[in-house]
Amino acid sequence: MKRCTIAVLVENKPGVLARVSSLFRRRGFNIESLAVGTTERPDISRMTIVVRGDDRTLEQVMKQLNKLIEVIKVSDLSENSVERELALIKVHAPPAKRSEIIEIANIFRARIVDVARDSFIIEITGDEEKINAFVDLMRQFGIKEMARTGKISMARGSKTVG
Amino acid sequence: MRAADAIVKALEMEGVEHIFGIPGGAILEVYDALYDSEIVHILTRHEQAAVHAADGYARATGKVGVAFATSGPGATNTVTGIATAYMDSSPLVVMTGQVPRAMIGNDAFQEADTTGITMPITKHNYLVTDERQLLRIIKEAFHIASTGRPGPVLIDLPRDVTMADIEFDYPDKVDLIGYKPKIKGHPKQIKKAVDMIIQSERPIILAGGGVRLSNAHEEVLKLAETIPAFVVTTLMGKGAIPETHPLCLGFIGMHGTKYGNYAVMEADLIIAIGCRFSDRTVGKFSEFAPEAKIIHIDIDPAEIGKNVRVDVPIVGDAKLILQEMIKMIKTKQRKEWFERVEELKRKYPLKYKRDENVIKPQFVIEKVYELAPDAIVTTEVGQNQMWAAQYFKVKYPRQFITSGGLGTMGFGFPAAIGAQVAFPDKIVVDIAGDGSFLMNIQELATCVDYDIPVKVCVLNNAYLGMVRQWQQLFYKRRYSATRLRYPELSFEKIAKGFGAHGITVEKPSEVEDALKEAFEIDKPVVIDFHVEVEENVFPFVPPGRSLREVLDGE
Ligand SMILES: Cc1ncc(C[n+]2csc(CCOP(=O)(O)OP(=O)(O)O)c2C)c(N)n1
Ligand SMILES: [Mg+2]
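Line by line, the protein sequences are chains A and B.
One point on numbering: in my numbering, the residue at position 118 of the first sequence is 118, and numbering is uninterrupted.
One point on numbering: in my numbering, the residue at position 9 of the second sequence is 171, and numbering is uninterrupted.
Worth flagging that the hints you see were computed from the coordinates, not collected in a lab.
There's no promise every hint is true.
Dumping the calculated DSS-like pairs for lysine-lysine here, alpha-carbon to alpha-carbon at most 30 angstroms [as the list claims (entries may be wrong)]:
| no. | chain 1 | residue 1 | chain 2 | residue 2 |
| --- | --- | --- | --- | --- |
| 1 | B | Lys455 | A | Lys63 |
| 2 | A | Lys67 | B | Lys354 |
| 3 | A | Lys67 | A | Lys13 |
| 4 | B | Lys669 | B | Lys515 |
| 5 | B | Lys225 | B | Lys344 |
| 6 | A | Lys13 | A | Lys159 |
| 7 | B | Lys669 | A | Lys63 |
| 8 | B | Lys446 | A | Lys63 |
| 9 | A | Lys67 | B | Lys669 |
| 10 | A | Lys63 | B | Lys353 |
| 11 | A | Lys73 | B | Lys346 |
| 12 | A | Lys13 | B | Lys344 |
| 13 | A | Lys73 | B | Lys342 |
| 14 | A | Lys67 | B | Lys497 |
| 15 | A | Lys63 | B | Lys344 |
| 16 | A | Lys159 | B | Lys342 |
| 17 | B | Lys346 | A | Lys159 |
| 18 | B | Lys225 | B | Lys354 |
Using the sequences provided together with the hints, build the complete structure.
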């Protein structure tokens with residue numbers, strides 16, 4: 001089993017996301033994360049999908065995606081690309097623990113974006129490993145809530161997927 | 163112009179001559195527009211049958227078949243038909259009515275999420291939310307349905323969209339950035355394949371349904387004769403080469419010819435053309451043609467390597483690719499191999515035990531073939547389908563129409579209606595099982611209504627025969643829910659009750675006369691052949707086994 005990050009450029013039309021997720025479900029492909037957003041062109045959206053499977057499955061994923069009419073381009077970004085994810089973490093932060101949390105956040109270049117009487121919301125971006133490491137460190141304080149965007153990815157260098 | 167009129171005009175411009183369907187509230191406006199059109203609408207008695215008929219029409223002609231249904235239950239009734247067409251890559255445009263835009267999502271009367279339901283069984287589908295996009299969508303739908311790997315496309319039409327006022331400017335081309343089927347094969351791959359063919363000692367061509375879809379039958383024949391190589395087909399590939407041709411080894415797979423299956427297992431090269439290596443064709447994937455290199459020509463890149471390993475993939479249109487290959491092939495006689503295959507043919511012919519007192523189903527098919535070798539033959543699903551495939555020797559492409567991928571009981575009869583509408587002067591025969599025929603028997607009304615003289619040959623074994631056969635062989639004859647108990651049922655009387663002709667045949671000696679009678683009268687006919695009830699289909703490669711492990715019932 002391998003993990004693979006693929007970027008999918010799609011026409012920005014209603015129902016496209018449903019088509020893509022329906023395809024994954026129907027063919028038994030496993031999505032680990034999926035992030036969607038617009039691109040430099042308003043009529044085109046970009047999905048970043050992380051899938052797990054053997055080589056044959058991953059090849060099928062790319063080929064089957066390509067068959068969808070509204071899919072414009074499918075690229076494998078598993079190697080040599082910049083990968084980022086954003087997480088918002090609401091962590092238990094009583095006065096006695098605050099400075100410790102702030103210190104850890106600084107080391108990770110994370111930002112405290114909301115302060116309440118006994119909690120913080122911390123925003124962190126980075127690759128998956130960095131976020132996982134940070135989340136692990138936060139657990140000791142008590143994570144009350146967490147939201148992650150799923151990974152987005154872009155090939156290094158001047159090459160583009162478009 | 164009223165959008166509904168624009169729809170009908172667009173269909174006329176697409177060359178549509180026949181539509182199969184059933185009206186209802188949400189699609190009334192379009193039916194109103196159809197009232198003034200030259201397009202012939204065939205009112206079927208079930209929407210499933212409308213889609214199968216459009217599918218049969220498409221398979222028989224190569225044109226896009228068109229079906230209409232209303233919203234909700236009309237649309238959900240089309241599902242089996244659409245899925246059947248999708249599995250066999252049949253080009254269809256299905257238009258369904260939908261509740262008005264403002265009511266979508268509110269569980270309105272006869273609302274169903276038609277595009278949601280059909281998403282996984284269409285090549286593409288549309289919900290028209292803006293009437294100004296309507297004509298572009300129709301243009302795209304016909305283009306998508308009929309190009310690349312063909313398939314069904316559905317357009318869901320909210321009622322208020324069909325009532326809107328739009329300008330009629332039908333686009334003459336489509337602009338789909340994400341859809342550009344690859345047509346031309348890669349020259350390097352073609353060269354590689356040709357070299358491989360020239361070097362091979364035991365080559366076999368495996369022709370699938372893609373040969374028909376790309377009209378490549380002449381090229382297949384030319385290639386086979388030039389190499390020269392034997393040809394086997396898939397069930398969907400029947401007709402890719404005349405089955406009486408000395409190079410043809412019939413169809414392979416679960417119920418294919420034993421000599422065809424064995425030859426494939428001994429080959430050192432498989433040239434697969436427009437086929438998807440389904441489990442029914444190749445048996446156990448990992449043991450398919452163990453000694454062979456595989457060349458796979460297909461327009462759908464996703465089929466390459468999906469089920470079996472491929473040595474030389476060529477993506478593109480089969481016809482064009484074969485034309486390129488034929489130019490480069492050098493003829494080489496492979497005497498030993500030819501002798502070996504002739505020996506296989508002699509040793510393992512198709513056969514069944516004849517009987518003078520009981521009608522053997524295979525005998526009925528032999529007689530149909532003898533009396534109407536040019537007929538278009540459709541089939542239902544089950545034993546009837548396999549006997550038809552084994553004993554009717556197909557002469558020309560598009561002559562044999564069957565539900566291969568989905569295996570839909572109830573397909574054959576409405577598909578025959580579609581084929582007969584396209585070819586009013588041909589004999590069109592549906593080889594049916596008693597179970598399958600009952601699934602769309604209401605279409606006798608359609609046949610009588612429109613004088614569609616389809617001949618239904620029911621191989622009546624009073625069983626869901628194919629399922630019974632599996633129960634006999636794999637479940638110790640525990641015939642759970644496969645006996646069709648109806649001692650009083652008379653297909654002859656049912657046919658006559660609809661105003662069609664009906665014949666009951668109980669003796670082998672009456673088979674020929676009954677068929678002659680049916681083929682002569684210009685009316686829909688149902689012939690109820692009371693056949694041997696526990697006859698089995700052989701050869702039989704049990705599911706999941708290699709093509710060498712053939713049971714032949716002895
Ligand atoms: C719609 C549908 N339901 C169920 C099946 C499963 N099935 C496959 S063959 C078969 C029996 C068909 O019986 P009949 O039409 O009498 O044909 P026979 O095998 O007896 O020739 C059944 C139930 C199917 N293929 N399609
Ligand atoms: Mg039966």
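Going down the list of hints, with the structure as the test:
1. B:Lys455 - A:Lys63: Roughly 23 angstroms between the alpha carbons, so the hint for lysine 455 of chain B and lysine 63 of chain A holds.
2. A:Lys67 - B:Lys354: Holds. Lysine 67 of chain A to lysine 354 of chain B sits at ~26 angstroms (cutoff 30 angstroms).
3. A:Lys67 - A:Lys13: holds, 16 angstroms
4. B:Lys669 - B:Lys515: Since the Cα atoms of lysine 669 of chain B and lysine 515 of chain B sit roughly 16 angstroms apart, the hinted pair holds (cutoff 30 angstroms).
5. B:Lys225 - B:Lys344: holds, 21 angstroms
6. A:Lys13 - A:Lys159: holds, 26 angstroms
7. B:Lys669 - A:Lys63: violated, 54 angstroms
8. B:Lys446 - A:Lys63: holds, 24 angstroms
9. A:Lys67 - B:Lys669: violated, 53 angstroms
10. A:Lys63 - B:Lys353: Cα-Cα ~24 angstroms, so holds.
11. A:Lys73 - B:Lys346: holds, 20 angstroms
12. A:Lys13 - B:Lys344: holds, 24 angstroms
13. A:Lys73 - B:Lys342: holds, 11 angstroms
14. A:Lys67 - B:Lys497: Cα-Cα ~43 angstroms, so violated.
15. A:Lys63 - B:Lys344: Holds, at about 13 angstroms.
16. A:Lys159 - B:Lys342: Answer holds: lysine 159 of chain A to lysine 342 of chain B is near 23 angstroms, not above 30 angstroms.
17. B:Lys346 - A:Lys159: Since the Cα atoms of lysine 346 of chain B and lysine 159 of chain A sit roughly 27 angstroms apart, the hinted pair holds (cutoff 30 angstroms).
18. B:Lys225 - B:Lys354: Between lysine 225 of chain B and lysine 354 of chain B the Cα gap is close to 34 angstroms, so the pair fails against 30 angstroms, i.e. violated.
The structure shown violates the earlier hints numbered 7, 9, 14 and 18.
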